[in-house]
Amino acid sequence: MSKTQKGVPFCGTRQQQQQKQKDPSEGVRESLEKIKHKFIVMSGKGGVGKTSTSVNLALALADMGFKVGLMDVDIHGPDIPRMLGLSDMPGVTQDRKMIPIPYSDNLVAISIESLSLSKDDAIIWRGPIKHTVIQQFIGDVAWGSLDFLIIDSPPGTGDEPLTVAQLIPGAKAIIVTTPQEVALADIRKSINFCKTVKMEAFGLIENMSGFTCPHCGKEVELFGTGGGERTAKETGVNFLGKIPFDTNMVKCGDSGVSYRAKYPDSPVTKAFADVAKRMADLVK
Numbered sequence: 045m046s047k048t049q050k051g052v053p054f055c056g057t058r059q060q061q062q063q064k065q066k067d068p069s070e071g072v073r074e075s076l077e078k079i080k081h082k083f084i085v086m087s088g089k090g091g092v093g094k095t096s097t098s099v100n101l102a103l104a105l106a107d108m109g110f111k112v113g114l115m116d117v118d119i120h121g122p123d124i125p126r127m128l129g130l131s132d133m134p135g136v137t138q139d140r141k142m143i144p145i146p147y148s149d150n151l152v153a154i155s156i157e158s159l160s161l162s163k164d165d166a167i168i169w170r171g172p173i174k175h176t177v178i179q180q181f182i183g184d185v186a187w188g189s190l191d192f193l194i195i196d197s198p199p200g201t202g203d204e205p206l207t208v209a210q211l212i213p214g215a216k217a218i219i220v221t222t223p224q225e226v227a228l229a230d231i232r233k234s235i236n237f238c239k240t241v242k243m244e245a246f247g248l249i250e251n252m253s254g255f256t257c258p259h260c261g262k263e264v265e266l267f268g269t270g271g272g273e274r275t276a277k278e279t280g281v282n283f284l285g286k287i288p289f290d291t292n293m294v295k296c297g298d299s300g301v302s303y304r305a306k307y308p309d310s311p312v313t314k315a316f317a318d319v320a321k322r323m324a325d326l327v328k
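If you want my numbering, it's the position in the sequence shown, counting the first as 1, plus 44.
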């Protein structure tokens, strides 16, 4: 006979219930098993445009006709919902899996922010709790069949990126950097991180590489240029491309408007299209 405990229906004995519970790692495997290519977007430090790169890369791949999922597991700064203008909560399947939110015909997205009671809550958890939450979140999403899954990881090489890297079998890393030397030093740490966790460092993107003055048209090297490409060659990592700096990118992200849709002919939009094409060519 069915019973209810705290509003949740259940049947049978406690022992039977425990037997029905799946190993969390099995839930992760099932959630991701129909996805062809999984990429973790990471950076050695914050402030290099990792999340905006994740968003625009996913949009560019979707515009090429691929079925794309975008997953935000940046537990301390889940900004993807705001950047995409998504305010809906994910739906739930009959077996209690979360359904990613459709953004377009080819792109669906979901954020770990969905697990928070309030968007303004600070996450003050120790490492083991973060690991459990991230594992549960990744395993509780009903992605279905996808060509690409782009995963926005927390910055750095600490507990959270380690958890994401270890949980997602077959994932490859895309490392985002800016051209200045401080950031380039962090690239090497990120590459060594990938080697340690036995994850392929698939490619490197140099973000904020040059800025064209909107008044005089002069090219300005805000943070230098070419350092990312040089480091990629030195370390044997695929160089996926350079993304120029555009102040409109910040404005669009803050207002939840797609930069790609608003500025379809901009150098930034073209650069992301080139990066997406290179990615698709490399995984053929």
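Hints are supplied without guarantee of correctness; some may be wrong.
With a Cα cut of at most 25 angstroms, we get these calculated SDA-like pairs of lysine to any residue [what the hints assert, rightly or not]: (1) Lys111 to Asn282; (2) Lys141 to Lys242; (3) Lys216 to Lys295; (4) Lys216 to Leu228; (5) Lys78 to Gly90; (6) Lys141 to Gly90; (7) Lys242 to Ile145; (8) Lys216 to Asp67; (9) Lys295 to Ile145; (10) Lys242 to His81; (11) Lys80 to Leu211.
Honestly, the hints are just simulated from the structure, not real lab data.
> Okay, which hints does this one fail, numbers in order?
Replying inline: Of the numbered hints given earlier, those the structure breaks are 2, 3, 5, 6 and 7, listed in rising order.
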